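Undergrad: One-letter residues, chain by chain:
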Amino acid sequence: MASILLKLKAKVERPLDAYVISPDVFAGKSLEEIKNLEMWQGNKKVKLGELFDVSGEVGQKADDVSITMEGDLSKARRIGKQMMSGKIFVDGNAGLYVGDGMKGGEIHVKGNADSWLGFEMKGGMIEVEGDARDFVGAGYRGSKNGMSGGTITIKGRAGSEVGCFMKDGIIRVNGDIGLHTGIHMQGGTILVFGDADGRMGSQMTGGKVIVAGKVPDILPSFLIDDVKPNVKVGADKIAGPFYSFTGDMMEGGNGKVFVAVQKNEHLKKKEAYIL
Amino acid sequence: MELLIKNGVVYDPKNGIDGEVMDVAIRDKKVVDRVDESKAYVIDASNKLIMPGGVDLHSHIAGPKCNIGRMLRPEDHYKDVEPRTQVKRSGVGYSVPSSFTIGYRYAILGYTTVFEPANPPLKMLHCHHEFRDIPILDKGCFVMFGNNWFVMEYLRDNKLDECAAYVAWTLDATKGYAIKIVDPGCVEAWKWGDVEFLDILWGRPEEIDEPVPRFGVTSREIVRGLCKVNKLLNLPHPIHVHANGLGTPGNYQTTIDTMDCVKDLAEEDRPAIHMTHVQFNGYAGSDWITIRSGAHEIMKYVNANKHVTIDLGQVIFTDTTTMTGDGPFEYKLHLLTKNKWTNADVESEEGAGLVPIHYKKSNFVHATMWTIGLELALLAKDPWRIFMTTDHPNGGPFTHYPRAITWLMSKEARKRTLDKISKRARSRSDLDNMDREYSFYEIAIATRAANARILGLKDKGHLGVGADADVAIYDINPREVDQSRDYKKVRKALSKAAFTIKEGEIVVKDGDIVKSIEGRTYWVKPNLPSDLMNAITSDLTKKFRDYYTVEMENFKIHDRFVTRSTPMPTYYG
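Just so you know, the sequences run in chain order A and B. Mapped onto our numbering, the consecutive letters of the first sequence carry residue numbers 10 to 284. Mapped onto our numbering, the consecutive letters of the second sequence carry residue numbers 41 to 613.
Bound-form chain A, shown alone:
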């Protein structure tokens, strides 16, 4: 695989729309052509070569391109927009909308990612070593079409409203998670190994939210159905036991929220309502 290195020359002060940084755009271009790619910074157009030192070699096909980015890119948004294949490594923080509408390929972020990670994602894989902020795998404001495929793995924490309007795919969060996990969710799976701030699955109509850590409470519009020894996520089985809830009844939904039994003794009283 041909690897290309983009090294940030100076700190990015103003927001940068980095939608051209994608293997599909780079494939088959010379280094000089890549340096001349235009993008928006603030209200001005800049060339990629003005901001980055570009070195390495470029593959002819997108799945043969691996892009490594060095420096603090927390002001750069839409990295890997609509990418179909290939790889992107961000050796630091990444900004908003990483993997916007991505259909395939891989994105690895060493640092933290900002909000809207995997925004309207359709396929592929995103891995974040650090934390991610809000609206992971969500759809655009007002849209009913969230993430519809692919995998997002966050090794650190994630913020609020993760998987908003999500339709399919898997989001794994190793750390803790904020409020309203899986809000409006229609399908797919969100797996949280840490603790949740609560209100999981509000207004969900389908899909699964699994919390292996502590939760403050379950929304009153969720009904308990059972205690399950384990839960399936893709090909894996997550060992439990888990309380299984169905909801959101306010929406006539058939979503599932699974909460680990061991860490949530305060939910024990709900067992009385199992039919």
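Note that these hints are calculated values from the structure, not bench results. One or more of the hints may lead you astray.
[Unchecked claim] Straight-line alpha carbon distances no greater than 30 angstroms define the calculated DSBU-like cross-link-like pairs of lysine-lysine that follow:
# : chain 1 : residue 1 : chain 2 : residue 2
1 : B       : K401      : A       : K131
2 : B       : K400      : B       : K528
3 : B       : K536      : A       : K54
4 : B       : K460      : A       : K131
5 : A       : K56       : A       : K18
6 : A       : K112      : B       : K401
[As the list claims (entries may be wrong)] From the derived model, a few chain B residues whose C-beta atoms are all more than 12 angstroms from chain A:
#  : residue
7  : F357
8  : A384
9  : V554
10 : Y587
11 : E591
[Claimed, not checked] Only part of the chain B face toward chain A is listed, based on derived beta-carbon distances under 7 angstroms:
#  : residue
12 : R113
13 : P114
14 : Y118
15 : E122
Owing to the predicted nature of the structure, the values given are computational and were not obtained by experimental measurement. In this text, a Cβ means the ideal position worked out from N, Cα and C, and glycines have one as well.
Got chain A; can you put chain B on it based on the hints?
TA: Relative to the frame of chain A, chain B by itself:
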């Protein structure tokens, strides 16, 4: 400025010109007999199609509804962004674009006159504000009267003259153009939350003889009354009716009843009623499972009765926003689709609602709706009484007009779409057996000439001497192209006009805006006998004091708010 368009293939149905190669001469905003070729700016239009500038009589382009649509749908803006250029302002929006963008996109399609079909009197000021921001197009707005307290009470008490005086006063005060009737009576009942009445609404399409609670007047009486008022005031456009029971299986009978109820009021030479977006009102069957097309029944009536004109409300398979003054229907649509919705209550006048919808080919009901629109058009015997619209944005954004036109012009284009739609819808439709293909001449009628005629705009929709110099030039030779087979070529040409000329100025060149000018606002100024006006003054003052949130004096819209105000005087009696 003088302009000469040379050697184009001209379609001008009003003057009987059917694809003749000829010149069009323009001087000072008008079409003239000839200009001096050496001095004039010459456009070589050889092998190009020339039509009068398009006229659309039903397209929701302005008013509070559109703005609510913009607020409701951020995701609609996100997917369609129009950057600023030297002459254009930037804008966003696919189904509900920004005001400026609406003007530009219509001009690129070769349209120059568009009428906003539904605003309650109280919101007309907003509408005029938005008109100011829609460049290039000549505009006008119909005012809704179908659920108005004044109107319903006057009609209940058989005070026709007073009703006429009220309508005339309102049109003058709010600078409106025609009488629009939306779901007469039912929106008022919905606003009161009338459960018994609404049971009728949900269960089966309304009968037009059901009295409206609290007002005791039926839909039939409202439509008939306003039709009589329209005649008394000699308004240029007949009553523009969105019939009861829209979007309910079995409603075609209500539509026919509504058309039939004003049959005896018709004069020989003019239509008495315009039924709008009939596709939404043309469903047979008893529920969403048994729904089928009622186009045959409706067109049988329309073909036999000259007092009716209709427009299609063709459905396009795309993601769009429905917006109508018919609040109860939108609530019903929200229950069906589970999409977000909003409703509005405009004091003692009207209501409204909005719901986003995505028309899908695979959906049996959506596909059936699509077939109904086309069947209506293909069954029409007189193209002068049927107009091509998508009821923008209810059936689909107006930017898809070329697509709808090619469906009418090419059996092949219809077949290509029929192959992809729900099989059940296809098997229940007659569309497969319909061989008719609209000619360019008939398209010029259905998108321009007939629309201008029914709107009463004498200088629009034709290219005779004295007409407004609104011309659309498309880069296609209608004499050579095989419209049936090469429908994609036709669609491409109609999507981007080679030139659009508005009032003698070139505004579009090669599908791009090159100049942005202000359009006119048409409104009617009925002249009333003063004794009639005096008769309603006390009623007006009382109602405004008792029920309105605005003072009567503030309700009137000053001329200075109206862009290039163009009043059309009419006379009582």
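Undergrad: Hint by hint, which ones does the structure fall short of?
TA: 15
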